[in-house]
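Peer 1: Take a look at the letters that make up each chain.
Number of protein chains: 2
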Amino acid sequence: MSQIYDRVALIGLGLIASSMFWAMKRSGLAGEVTGYARSAETRATAREIGLCDRVCESAAEAVEGADLVVLCVPVGAMGAVAKEIAPALKPGATVSDVGSVKKAVISAVAPHLPQGVHFVPAHPMAGTEHSGPTSGFAELFDNKYCLIVPVPGSDRDAVDRLESLWHALGSKTDEMDADHHDLVCAVTSHAPHLIAYTMVGVADDIRRVTDSEVIKYSAAGFRDFTRIAASDPTMWRDVFLSNKDATLEILGRFTEELFALQKAIRDGDGDHLHHYFTRTRAIRKGIIDAGQDTDAPDFGRGKV
Amino acid sequence: MSQIYDRVALIGLGLIASSMFWAMKRSGLAGEVTGYARSAETRATAREIGLCDRVCESAAEAVEGADLVVLCVPVGAMGAVAKEIAPALKPGATVSDVGSVKKAVISAVAPHLPQGVHFVPAHPMAGTEHSGPTSGFAELFDNKYCLIVPVPGSDRDAVDRLESLWHALGSKTDEMDADHHDLVCAVTSHAPHLIAYTMVGVADDIRRVTDSEVIKYSAAGFRDFTRIAASDPTMWRDVFLSNKDATLEILGRFTEELFALQKAIRDGDGDHLHHYFTRTRAIRKGIIDAGQDTDAPDFGRGKV
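Protein chains in written order, with our numbering: chain U, 14 to 317; chain D, 14 to 317.
Isolated chain U (complex conformation):
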């Protein structure tokens, strides 16, 4: 099979970009991959560990001659990066991104792109709690979904080509519009992250329970929250600020249901609780059946 893109540029070299690089090398379906990160330290680390075929000293240099440019910076930085690289983009190139929100990214990026450059926003639904250039691994996207969010007027061939790349990286793909994307992600990702951050913050705040107790006894449930509450703070700040409406809507729903369950506890309504807890088991089963999680007891953590 021939290469999908001869030249790919990754702007921002964190968890997603580094995983994309190793997955591209695994697939052999991309040619030269250039990379750029704003921090000199990140660029030095990237060079040391062989992350990217060529690490450049500016974003403009990295995108020069690239057939595909992928913006892998926090959502709040997308607009500035797009503006910076716009003059250096090759006519006919595709610009994509991996941002966790789509409406805000499209508004920030699209106005800067010159005529003749294709814009195909995307969002791989995969991640870990680690961040930075050394956190990537080729298997991150295997069997996970990458959502493709074409904008009005997106070139069909450019969309198909980007989807082929994501398939080569191990992902399945679905297409949807930006509004629906942002709502789906508020449910499956943004609200869960904020709730996990909150629960961990509360545990840290209760003065009558020491941090050391919280840590020692975390296997009883709490630690499941701490993994996603250890995610990159800058990335997540930007996500919440740029997907404000959908996140606040889901959090409103969440609070309503939490209050209903609190009331059931206060009133001693065991039937309400039992019924609710039975229903949520089915969703877990669906996730296991779809291969989106492992059914190993305790995530197979037994050997910790």
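To be clear, the hints were calculated from the coordinates, so they are not data collected in a lab. Among these hints, one or two may not hold up.
As the list makes no split between identical chains, a pair holds if one copy fits it or if it spans any two.
[Unchecked claim] The calculated DSS-like cross-link candidates involving lysine-lysine, where the alpha carbons are at most 30 Å apart (straight line), are:
hint, residue 1, residue 2
1, Lys185, Lys276
2, Lys276, Lys38
3, Lys103, Lys298
4, Lys257, Lys185
5, Lys103, Lys276
6, Lys257, Lys96
7, Lys298, Lys96
8, Lys257, Lys38
9, Lys257, Lys276
10, Lys116, Lys276
11, Lys103, Lys257
Only a predicted model underlies this, so the values are computations on that prediction, with no experimental measurement involved.
Given chain U's structure and the hints, the job is docking chain D onto it.
Peer 2: Same frame as chain U, now just chain D:
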């Protein structure tokens, strides 16, 4: 090393009891282990898989002659079981339990126990989302904490002996009083479970986002909640109803902090969010350093 107890009786044969049995067999430090479960189906399964040296047809038969009796039934059933076995208990025997709340269990169980029987409540802080007699495994308690909650007048030798058993099962132990236990568990276990149940329930409720979308895209954070929200509904109903005050207190704190974060999102206060998200990372690091979780990216789920 000689046996810690010659005869142990397990009443209720779910995840915890079956894991205790396999861990006792691994350690070789307990003699004959009898078992009883209310459901005939569970007793039949236990006999099939060799769970317990002897599966009895009544709780009274199982505890006859036992040096240690461990109540492994849902918290709401502890009182009735204690009443049922009381006349059959051997003088000098120790009765313990594995309930997730302690004040309610002590109130329900203690009044039934005859003079000369030692009561030493306990709570292993470990579990998985699976339940029933086939869900146990010997490693469940390894390196996890078992909280020992002596009651006023608990016999020191009886407490020490029970702690030795838990050490033999792989656990570390800490002692604390029932009030503190119930607050610590509200923070590390009960509130997180209720919040996870709620988040999964909300996802199931949003009609504009299909269950199939929630399932397919769950790797973006949501699925971490679904594991604990798949826990046994009866057990958890009883936990919330019997640790009402501490759970509602923590949920109140949680709601306050969630509202503060929601306001920060609404007001666009990025600094507040960034600061909050940075603080929660430290707790995660403490849990990894204490060996209470794995630092493998994504819990090592890569191979799903």
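Peer 1: Going through the numbered hints above, which ones does this structure break? Give me the numbers in ascending order.
Peer 2: Violated hints (numbers, rising): 1, 2, 3, 5, 7, 8, 11; every other hint is consistent with the structure.
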